[in-house]
Amino acid sequence: MPTELLLDRPARFRDLRARVQVRALPTILTLLLVAWLLIFIAVPVAIVLARSLAAKGGGITLSHFAAFFGKAYFLRSLTNTLILGTGVTALVMGLGFALAYLVTRGPRALRFPLRVVALTPLVAPPYLFGLALIIVGGRRGFIAQMLGTQVPIYGWPGVILSQVLSFLPVAFLMIENVLQSLDPNLEDSACDLGAGELDLLRTIIVPLASPGLLKAALLTFGLAIADFGNPALLGGGLSFLAPDAYLMITGEWNTEMASVISVVLLVPSLAIFLAQHYWLKGKSYTTVSGAPTAGEERSIGPWLGIALILPCLAYVAAVVASYGVIILGAFTKLVGIDNTLTLEHFVKDVGPDAIWTSVKVSLSAGLVSAVVGTGLAYLCMRTEIRLRGFLEFITLIGFALPGTVMGIGYLLAFNRPPLLITGTLAILSLNMIARFLAVSLEAGVSKLHQIDVSLEEASADLGAGVLTTFRRIVLPLMSSAFVAGFLFTFMQSMISLSAAIFLVAPGRLLASVYIFNRARDGDMGISCAMSVILIASVAVCLWGLSLLTRRTGMRILAVRT
Amino acid sequence: MSDQTLLSLDGLTKRYGAVTAVEDVHATIRRGELVSFVGPSGCGKTTLLRLVGGFLRPDAGRIILDGEDITALPPNRRPTAMVFQNYALFPHMTVAENVGYALAIRKRSRTEIAHRVEELLALVQLQGLERRRPAQLSGGQQQRVALARSLSLQPKVLLLDEPLSNLDANLRIQMRTEIKRLQRELQLTVVFVTHDQEEAMSISDRIMVMYQGQILQAGTPSEVYEQPATPFIARSVGAVNFLEGVLTNGTRGVAMVATPLGTLVIRSVVEGVTSGERVCLVIRPETIRLGPPDDGAGPNRVQGRIESTMYTGALIRYSVGVGATRIAVDLYDPRHSATFHEGDPVTLILPEDPHLLPA
Numbered sequence: 001m002p003t004e005l006l007l008d009r010p011a012r013f014r015d016l017r018a019r020v021q022v023r024a025l026p027t028i029l030t031l032l033l034v035a036w037l038l039i040f041i042a043v044p045v046a047i048v049l050a051r052s053l054a055a056k057g058g059g060i061t062l063s064h065f066a067a068f069f070g071k072a073y074f075l076r077s078l079t080n081t082l083i084l085g086t087g088v089t090a091l092v093m094g095l096g097f098a099l100a101y102l103v104t105r106g107p108r109a110l111r112f113p114l115r116v117v118a119l120t121p122l123v124a125p126p127y128l129f130g131l132a133l134i135i136v137g138g139r140r141g142f143i144a145q146m147l148g149t150q151v152p153i154y155g156w157p158g159v160i161l162s163q164v165l166s167f168l169p170v171a172f173l174m175i176e177n178v179l180q181s182l183d184p185n186l187e188d189s190a191c192d193l194g195a196g197e198l199d200l201l202r203t204i205i206v207p208l209a210s211p212g213l214l215k216a217a218l219l220t221f222g223l224a225i226a227d228f229g230n231p232a233l234l235g236g237g238l239s240f241l242a243p244d245a246y247l248m249i250t251g252e253w254n255t256e257m258a259s260v261i262s263v264v265l266l267v268p269s270l271a272i273f274l275a276q277h278y279w280l281k282g283k284s285y286t287t288v289s290g291a292p293t294a295g296e297e298r299s300i301g302p303w304l305g306i307a308l309i310l311p312c313l314a315y316v317a318a319v320v321a322s323y324g325v326i327i328l329g330a331f332t333k334l335v336g337i338d339n340t341l342t343l344e345h346f347v348k349d350v351g352p353d354a355i356w357t358s359v360k361v362s363l364s365a366g367l368v369s370a371v372v373g374t375g376l377a378y379l380c381m382r383t384e385i386r387l388r389g390f391l392e393f394i395t396l397i398g399f400a401l402p403g404t405v406m407g408i409g410y411l412l413a414f415n416r417p418p419l420l421i422t423g424t425l426a427i428l429s430l431n432m433i434a435r436f437l438a439v440s441l442e443a444g445v446s447k448l449h450q451i452d453v454s455l456e457e458a459s460a461d462l463g464a465g466v467l468t469t470f471r472r473i474v475l476p477l478m479s480s481a482f483v484a485g486f487l488f489t490f491m492q493s494m495i496s497l498s499a500a501i502f503l504v505a506p507g508r509l510l511a512s513v514y515i516f517n518r519a520r521d522g523d524m525g526i527s528c529a530m531s532v533i534l535i536a537s538v539a540v541c542l543w544g545l546s547l548l549t550r551r552t553g554m555r556i557l558a559v560r561t
Numbered sequence: 001m002s003d004q005t006l007l008s009l010d011g012l013t014k015r016y017g018a019v020t021a022v023e024d025v026h027a028t029i030r031r032g033e034l035v036s037f038v039g040p041s042g043c044g045k046t047t048l049l050r051l052v053g054g055f056l057r058p059d060a061g062r063i064i065l066d067g068e069d070i071t072a073l074p075p076n077r078r079p080t081a082m083v084f085q086n087y088a089l090f091p092h093m094t095v096a097e098n099v100g101y102a103l104a105i106r107k108r109s110r111t112e113i114a115h116r117v118e119e120l121l122a123l124v125q126l127q128g129l130e131r132r133r134p135a136q137l138s139g140g141q142q143q144r145v146a147l148a149r150s151l152s153l154q155p156k157v158l159l160l161d162e163p164l165s166n167l168d169a170n171l172r173i174q175m176r177t178e179i180k181r182l183q184r185e186l187q188l189t190v191v192f193v194t195h196d197q198e199e200a201m202s203i204s205d206r207i208m209v210m211y212q213g214q215i216l217q218a219g220t221p222s223e224v225y226e227q228p229a230t231p232f233i234a235r236s237v238g239a240v241n242f243l244e245g246v247l248t249n250g251t252r253g254v255a256m257v258a259t260p261l262g263t264l265v266i267r268s269v270v271e272g273v274t275s276g277e278r279v280c281l282v283i284r285p286e287t288i289r290l291g292p293p294d295d296g297a298g299p300n301r302v303q304g305r306i307e308s309t310m311y312t313g314a315l316i317r318y319s320v321g322v323g324a325t326r327i328a329v330d331l332y333d334p335r336h337s338a339t340f341h342e343g344d345p346v347t348l349i350l351p352e353d354p355h356l357l358p359a
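Listed in order, the protein sequences are those of chains A and B. The first sequence begins at 1 in my numbering and counts up by one. The second sequence begins at 1 in my numbering and counts up by one.
It is worth saying that the hints were derived from the structure and are not from the lab. Just so it is clear, CB atoms sit at the ideal spot from N, CA and C, and this is done for glycine as well. Among the clues, some could well be false.
Stated by the list, open to error - Pulled from the structure, derived: some chain A residues nowhere near chain B, Cβ distances all over 10 Å:
hint	residue
1	Leu208
2	Leu274
3	Pro311
As the list claims (entries may be wrong) - Some, not all, of what chain B presents toward chain A, calculated at C-beta under 8 Å:
hint	residue
4	Phe55
5	Thr71
6	Leu73
7	Pro74
8	Pro75
9	Pro79
10	Met82
11	Phe84
12	Asn86
13	Ala88
14	Phe90
15	Ile105
16	Tyr225
Stated by the list, open to error - Quick look at which bits of chain B chain A covers, simulated, 3 or more residues with Cβ under 8 Å:
hint	segment
17	91-101
18	149-161
Start from the sequences, fold in the hints, and give me the full structure.
Okay, here's the thing in structure tokens:
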């Protein structure tokens, strides 16, 4: 019959074309991606490793490590860094748990405001609280000016305080996620069987949340030891590893010692990563799948209530005060001393140029990261490529490594042909992409988990080829993951400092680095003004991101940061 | 069974924003009784159970248990125990630790806990599985552990929230018997929530049919099945035919009802309906008999034609067309009965004692 013939022919033709596409496309894309990931993630890390072991005349030597561990100065840096990591992790975990507990189980009226405040540090450069602290309590800060006394903010108190404020949001998000995904029936059931609130915490909540809590603690520890900005601004006489690495490069061009420090910083990060990836995998008791339920209010007794709410209030006060100080600093001549309102800090010097450069770098990084990340997610989830595990692994390594290490790695890897890109804006973009690609991948994978394969099969069943299916079905459904990956990469690129500070050429300006340098030089007005612009732009992104994740049920940031 | 009231719900109301999940519910439950709340999802039955368990606070009303007002007590201080729909077994604890949890919280001695756990596991026939984790158990075993755990404190009322809904059909019937056995053996007072009317009827001393946050009818399973208070209730506890008609003559306990099928003779007790009023006859499919066409003489015989048949093993359900009306008829034990085929003309023999509702 004629109708049959009409239907038959194009179907066969499509089938043939589809088969060719199916075989060739993923392979080509995979090879390209593998090359990319090797060049921009594996090679820089490998070069750092090689440099730390390279002997002067060629060959392998441990002499650089011997020099590191033989020097009292570096050993003190190492000890300081470890103490800092431990202390900050303990404080962040306590505070993060209190906040997350109140936000998931506390009085409803408190939940939203607490959550907003807990997350606000996400939009600020990681040294913003250091900056605020210096304005208030620094050597020329307004307490010193007005009261004539010095506040001992330099050294331990300052670094710990500013780090706690900086790293709390990520830990909070992870703990909140864990507490939210515990089956509420388990707690109800324990309560039904006579458990009081402390019994609940001790026998049910903490044991069940422990894998997630451990993960959050490991991550916080990694962030704290690799942090560059806060120790550099507020360390005073104390030495820490990340600033040491910076000094080794900028002061002495001692790339061997900088590489050794990188390796030392890399060990805990890598351990954390491997622990997350292999050991903690499948150890989760989080039993509720899909959208977390809004838990019932739990009646919290007076003692526990006070123990939970006091630290939270202190934290809220510190965050609000910091933002207040930065905003005041941006709009006054010299906050606390000359409170005349002014907009001069916004136009003075080359601040606006720096912001513009940051926007360019971050935009390009965001776009590429989103395209590559979602594409990678599709390859990993929907085709049977052989290198899937490897691709995921490398991507996550890029995310897990400290910025300092990735900065030094890029500096060493790309300062000679064939890839001589040191000093360009491209190296900054590429670096950001390599470090945040994992989040785009995560967003894509999580989205694809939501999209049933049968949708694509239905499309194919109705006669569409692979490319048509991808264009008409997959792309529209994945667009939210694409936007999420873009926003996250953009945000992080705008505020990240630790890698960028190695890669910005002397003549070039990048907002996060520029603000940091101005702050170190004591030029607080400009620092504050540029921070305000940076925070505002990042805040808009975060708002968009949260809107997106809420609307689509995608899970990023909190799951495997 | 004593008639003493153990639990009474006194005007319970629970609202979520504009939605009223439970509205002014009054109910009493006697000591040693097994009562089911049955209704479609969203009818408020689980909310009601959670109110009794103390997991929700009512917006109005009181809960009196054994003479004590427990409305304000948190779950950990109420003498009630709940079995959750998903069992809510603690995944990080062994079976023994789960069952002994309540005793451990109360700081009982280790030997006492061990002894009691052994006793409870014997009760639910799970000896030997003490060291297993919940994830290593089958659905039925998990159910038993949840039951044992909820009994560990000898609760005054056991609350079961759709406890059988996660089990497959055979296991469900087995566990149903098991729960009934435990309830009789230990003389438990049980409140059971289910959407499955057959389950509710088979297990309960009384059932309470809920809809839109209210109890529509409470009674023994046979009362609710045979004398439903409304067409909705009639439908929610089983298949049913409704025939509307006008009551024409009501002398000496014999009435005539003019229906679309013709005038039927009704000998049911008719209360509160006078001649000339519209009534609704509630006729269960298994109360109608089928005969060959023109099957003798007698009252309530109607000629119809088989429109469809559905064989389910235990019975055949026929849909019989009489004019524009379809009547469902169940024929049990089809192997030993005369059966009919699609298109066959038949005689319907309608019961003379159907339940009557005002239309």
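These are the hints, each one checked on the structure:
1. With a cut of 10 Å on Cβ distances, Leu208 of chain A falls inside the contact zone with chain B, its closest approach being about 6 Å.
2. Distance check for Leu274 of chain A against chain B: the nearest CB is about 24 Å away, which clears 10 Å, and the non-interface claim stands.
3. Non-interface status of Pro311 of chain A relative to chain B is upheld: no Cβ of that chain comes within 10 Å, the nearest being about 25 Å off.
4. The closest approach between the C-beta of Phe55 of chain B and any C-beta of chain A is roughly 5 Å, which is under the 8 Å cut-off, so the hint is satisfied.
5. The criterion of a C-beta within 8 Å of any C-beta in chain A is not met by Thr71 of chain B, whose closest approach is roughly 14 Å, and the hint is violated.
6. Because the closest C-beta pair between Leu73 of chain B and chain A is about 11 Å apart, greater than 8 Å, the hint is violated.
7. Restraint check, Pro74 of chain B versus chain A: the minimum CB separation of about 6 Å is within 8 Å; hint holds.
8. With 8 Å as the threshold, the beta carbon of Pro75 of chain B comes within range of chain A, its nearest partner Cβ sitting at about 4 Å, so the hint holds.
9. With 8 Å as the threshold, the beta carbon of Pro79 of chain B stays out of range of chain A, its nearest partner Cβ sitting at about 10 Å, so the hint is violated.
10. Annotation: Met82 of chain B was flagged as interfacial toward chain A, and the flag holds, the nearest CB pair being 5 Å apart, inside 8 Å.
11. A hinted interface residue such as Phe84 of chain B counts as satisfied when its beta carbon comes closer than 8 Å to some beta carbon of chain A; here the least separation is about 5 Å, so the hint holds.
12. About 6 Å separates the beta-carbon of Asn86 of chain B from the nearest beta-carbon of chain A, less than 8 Å, and the hint is met.
13. A least Cβ separation of about 4 Å between Ala88 of chain B and chain A falls short of the 8 Å threshold, and the interface hint therefore holds.
14. With its C-beta approaching chain A no nearer than about 6 Å, Phe90 of chain B sits inside the 8 Å limit, and its interface hint holds.
15. Contact between Ile105 of chain B and chain A, as hinted, is supported at the beta carbon level, the nearest pair being about 5 Å apart and thus within 8 Å.
16. At about 33 Å, the closest approach between the beta carbon of Tyr225 of chain B and any beta carbon in chain A exceeds 8 Å, and the interface hint on this residue is violated.
17. Check on the segment 91-101 of chain B: 3 of its residues sit with their Cβ under 8 Å from a Cβ of chain A, so the three-residue criterion for coverage holds.
18. For the segment 149-161 of chain B, the stated coverage by chain A holds: 4 residues have a C-beta nearer than 8 Å to a C-beta of that chain, and at least 3 were required.
Hints 1, 5, 6, 9 and 16, counting from the list given before, are not met by this structure.
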